[in-house]
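Chemist: The residues making up each chain are set out below.
There are 2 protein chains.
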Amino acid sequence: MKFTATKADLQSGVSIAIRAVPSHTTMPILECILIEARTNDLIFTTNDMEMGIETHVKAGIEETGVVAVEARMFSEIVRKLPNEIVTFESDENYNIRIRCGKAKFMIGGKSGEEFAYLPSVETDECVTISQFTLKSVIQDTIFSIATNENSKIMTGELFEIKGDILRVVALDGHRIAIRRVALKESFDPIRVVVPGKTLQDISRILSGEMDDIVRIYFSKNHIIFEIPGTRVISRLIDGEYFNVDQMISSDYETKVTVNRNVFLSCIDRATLFVREGDKKPIIMEISDQEMNLSIESQLGAMDETLDTAKEGKDMVIGFNPRFIMDALKAISDETISLYLVNPKAPCFIKDEGLSYTYLILPVNFVR
Amino acid sequence: MKFTATKADLQSGVSIAIRAVPSHTTMPILECILIEARTNDLIFTTNDMEMGIETHVKAGIEETGVVAVEARMFSEIVRKLPNEIVTFESDENYNIRIRCGKAKFMIGGKSGEEFAYLPSVETDECVTISQFTLKSVIQDTIFSIATNENSKIMTGELFEIKGDILRVVALDGHRIAIRRVALKESFDPIRVVVPGKTLQDISRILSGEMDDIVRIYFSKNHIIFEIPGTRVISRLIDGEYFNVDQMISSDYETKVTVNRNVFLSCIDRATLFVREGDKKPIIMEISDQEMNLSIESQLGAMDETLDTAKEGKDMVIGFNPRFIMDALKAISDETISLYLVNPKAPCFIKDEGLSYTYLILPVNFVR
Numbered sequence: 000m001k002f003t004a005t006k007a008d009l010q011s012g013v014s015i016a017i018r019a020v021p022s023h024t025t026m027p028i029l030e031c032i033l034i035e036a037r038t039n040d041l042i043f044t045t046n047d048m049e050m051g052i053e054t055h056v057k058a059g060i061e062e063t064g065v066v067a068v069e070a071r072m073f074s075e076i077v078r079k080l081p082n083e084i085v086t087f088e089s090d091e092n093y094n095i096r097i098r099c100g101k102a103k104f105m106i107g108g109k110s111g112e113e114f115a116y117l118p119s120v121e122t123d124e125c126v127t128i129s130q131f132t133l134k135s136v137i138q139d140t141i142f143s144i145a146t147n148e149n150s151k152i153m154t155g156e157l158f159e160i161k162g163d164i165l166r167v168v169a170l171d172g173h174r175i176a177i178r179r180v181a182l183k184e185s186f187d188p189i190r191v192v193v194p195g196k197t198l199q200d201i202s203r204i205l206s207g208e209m210d211d212i213v214r215i216y217f218s219k220n221h222i223i224f225e226i227p228g229t230r231v232i233s234r235l236i237d238g239e240y241f242n243v244d245q246m247i248s249s250d251y252e253t254k255v256t257v258n259r260n261v262f263l264s265c266i267d268r269a270t271l272f273v274r275e276g277d278k279k280p281i282i283m284e285i286s287d288q289e290m291n292l293s294i295e296s297q298l299g300a301m302d303e304t305l306d307t308a309k310e311g312k313d314m315v316i317g318f319n320p321r322f323i324m325d326a327l328k329a330i331s332d333e334t335i336s337l338y339l340v341n342p343k344a345p346c347f348i349k350d351e352g353l354s355y356t357y358l359i360l361p362v363n364f365v366r
Numbered sequence: 000m001k002f003t004a005t006k007a008d009l010q011s012g013v014s015i016a017i018r019a020v021p022s023h024t025t026m027p028i029l030e031c032i033l034i035e036a037r038t039n040d041l042i043f044t045t046n047d048m049e050m051g052i053e054t055h056v057k058a059g060i061e062e063t064g065v066v067a068v069e070a071r072m073f074s075e076i077v078r079k080l081p082n083e084i085v086t087f088e089s090d091e092n093y094n095i096r097i098r099c100g101k102a103k104f105m106i107g108g109k110s111g112e113e114f115a116y117l118p119s120v121e122t123d124e125c126v127t128i129s130q131f132t133l134k135s136v137i138q139d140t141i142f143s144i145a146t147n148e149n150s151k152i153m154t155g156e157l158f159e160i161k162g163d164i165l166r167v168v169a170l171d172g173h174r175i176a177i178r179r180v181a182l183k184e185s186f187d188p189i190r191v192v193v194p195g196k197t198l199q200d201i202s203r204i205l206s207g208e209m210d211d212i213v214r215i216y217f218s219k220n221h222i223i224f225e226i227p228g229t230r231v232i233s234r235l236i237d238g239e240y241f242n243v244d245q246m247i248s249s250d251y252e253t254k255v256t257v258n259r260n261v262f263l264s265c266i267d268r269a270t271l272f273v274r275e276g277d278k279k280p281i282i283m284e285i286s287d288q289e290m291n292l293s294i295e296s297q298l299g300a301m302d303e304t305l306d307t308a309k310e311g312k313d314m315v316i317g318f319n320p321r322f323i324m325d326a327l328k329a330i331s332d333e334t335i336s337l338y339l340v341n342p343k344a345p346c347f348i349k350d351e352g353l354s355y356t357y358l359i360l361p362v363n364f365v366r
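Going down the list, the sequences are from chains V and Y. To convert, note that position 23 of the first sequence is 22 in numbering that gives the first Met the number 0; the numbers rise steadily by one, no gaps. To convert, note that position 120 of the second sequence is 119 in numbering that gives the first Met the number 0; the numbers rise steadily by one, no gaps.
Isolated chain V (complex conformation) (with noise of 0.2 angstroms):
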């Protein structure tokens, strides 16, 4: 096979690719980038079994042909080419020569016969929504997921979809962040957990631009995430997401409202005296107009009293700061309101409009 691409595209390609390349694995074929020259087009195939993704080059294609080529090697090679013309050939047995200016490479590369290409999927429907939308909803609720593999379906994110309206659910068992997104059109209900890792992986190819659009199909066993160029194809995990409805609730006793950058810096200084591992709580005592919080640890004690608004009873509760700091990180707002029952039941940190909910779970706490 041989093909001509800039440097440029070849990059953009590669580092597009590169994401489903499993770090460690048993089968030396998928740290590969499949690459496949068809008569006019040029196409990076890489797969973790989890995760797919196929990506199109722009190239000029003189020789069809398949090859396969250890990825990070091959990704490292691009990135430091001259910003030049790229010929990239290879020969029956796999040979492959890269030529840039006047810099010429030799590496081998693999039969694409072991590769596992892409499942084929069924697809009718899909969801269209910006990349922004998506990218956004995924950071801000991802940090939300169990990251150890104790119950799998924790270290997923809901997705579902009712009539208009998207919600995506993160949750792992001592906090839930939810997100929910209005859609151009109405459609059949959909409940599907996608991996966490996928997510992640997605929102760094994903554009941020709100002009920019994703379309995700959905079936009975995976996810497809389809940008200009590229397509991502994922599996899903397996079971029934929680009722998270049951979950949440709307009745308060108190309501607290702050700046939100205010409380943010104020917990992140408390969090010097919290060290790794530790389960130190910061106290929150909530009177009129005032919000103190203090916490206290062998390392030293802070305290701070910030202005607030308040509505209904005055109250003190204890929480994990960097679960408070996770939620206040995603919001975008300048003031935010906190909802509390009691120092036993879970807080509520969400807008008007339910576009975002956090819940978070107290601590217990001895004064």
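I should point out that these hints are in silico values taken from the structure, not numbers from a laboratory. One or more hints might be untrue.
27 angstroms max Cα-Cα, derived DSS-like pairs, lysine-lysine [to be verified]:
{"no.": "1", "chain 1": "V", "residue 1": "K279", "chain 2": "Y", "residue 2": "K103"}
{"no.": "2", "chain 1": "V", "residue 1": "K6", "chain 2": "Y", "residue 2": "K6"}
{"no.": "3", "chain 1": "V", "residue 1": "K328", "chain 2": "Y", "residue 2": "K101"}
{"no.": "4", "chain 1": "V", "residue 1": "K57", "chain 2": "V", "residue 2": "K101"}
{"no.": "5", "chain 1": "V", "residue 1": "K349", "chain 2": "V", "residue 2": "K161"}
{"no.": "6", "chain 1": "Y", "residue 1": "K6", "chain 2": "Y", "residue 2": "K79"}
{"no.": "7", "chain 1": "V", "residue 1": "K101", "chain 2": "Y", "residue 2": "K279"}
{"no.": "8", "chain 1": "Y", "residue 1": "K101", "chain 2": "V", "residue 2": "K278"}
{"no.": "9", "chain 1": "Y", "residue 1": "K278", "chain 2": "V", "residue 2": "K101"}
{"no.": "10", "chain 1": "V", "residue 1": "K254", "chain 2": "Y", "residue 2": "K103"}
{"no.": "11", "chain 1": "V", "residue 1": "K6", "chain 2": "V", "residue 2": "K109"}
{"no.": "12", "chain 1": "V", "residue 1": "K1", "chain 2": "V", "residue 2": "K57"}
{"no.": "13", "chain 1": "V", "residue 1": "K328", "chain 2": "Y", "residue 2": "K328"}
{"no.": "14", "chain 1": "Y", "residue 1": "K103", "chain 2": "V", "residue 2": "K109"}
Chain Y: place on chain V using the hints.
Modeler: Coordinates of chain Y only, in the frame set by chain V:
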């Protein structure tokens, strides 16, 4: 004791002082910054027993006194304070109370009694150079010191003054880096070996501005760097440094002149095929008007031909690519010249005025 200072002034003082806080020590007091409030002066002192730093911080002193505070915790607290006036107080039990805006911190301090104060050193004559010059001289040589402690003296740099010339030398047994700087006046001969770690820390404290001045004092066992508000004192390394003049020569059989950037990118591409700890040389084949660079390893092969100007014999010679790259990165000239004698003799990269000289030993290779 009690003082007030701005967050910014405290932060810049802490960021300098913390450089002499050891990361591992059996003496916990050395992990502290000693804070001294004198009548009209606030001083932060740190000491890792090889290097000590004393820096003055702008402050309003309300009550004089001394307290030692764990450096990393103090630094983190200061960094996270709001941008306001900070009030620092300690009582007779060394309990420290820091207030800033509405935030209050309580941490435990220590008596300063066990603190290893900086040695007082007799100094008279001092060498004055710009912070920019000292910073670049260090950065452009420090990569050539030895990193293992087998030969203590190789972990430092020679600072040698003869007349009005300061020469700084680093070597590790495979290469030598030399920078020469003209001073404003002449001095009696000085020849001392300064620890590499001291120089690395100093280069981070220096501003890098041509107009800012650093004064350097020498004593039998110490070197002192003085910049406005800050004094850094370091032990010297004992022992006789190598006779560098014996190792360098101005004879050559071949002189090659090449564009520095082109040469550097080419070697950077070649290093793709060199794994950490692997001793694959890059082979330079020098002929008329061009130089072919090639490398071959289990990972693949690369070659590239560069346009050059050549005087003298053709030659084929091998080098550790990293040593050439380190030297090229330290040079800012657009073109550089290599001076070669034969494939077993060292190669020199140097400018006409000898402001820099890099000596690199070649590597044997089999073709």
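Chemist: All the hints need checking, so say for each whether the structure fits it.
Modeler: Now the hints, each set against the structure:
no.: 1; hint: K279/V with K103/Y; verdict: 18 angstroms, holds
no.: 2; hint: K6/V with K6/Y; verdict: 48 angstroms, violated
no.: 3; hint: K328/V with K101/Y; verdict: 22 angstroms, holds
no.: 4; hint: K57/V with K101/V; verdict: 22 angstroms, holds
no.: 5; hint: K349/V with K161/V; verdict: 20 angstroms, holds
no.: 6; hint: K6/Y with K79/Y; verdict: 9 angstroms, holds
no.: 7; hint: K101/V with K279/Y; verdict: 21 angstroms, holds
no.: 8; hint: K101/Y with K278/V; verdict: 25 angstroms, holds
no.: 9; hint: K278/Y with K101/V; verdict: 25 angstroms, holds
no.: 10; hint: K254/V with K103/Y; verdict: 26 angstroms, holds
no.: 11; hint: K6/V with K109/V; verdict: 22 angstroms, holds
no.: 12; hint: K1/V with K57/V; verdict: 14 angstroms, holds
no.: 13; hint: K328/V with K328/Y; verdict: 40 angstroms, violated
no.: 14; hint: K103/Y with K109/V; verdict: 63 angstroms, violated
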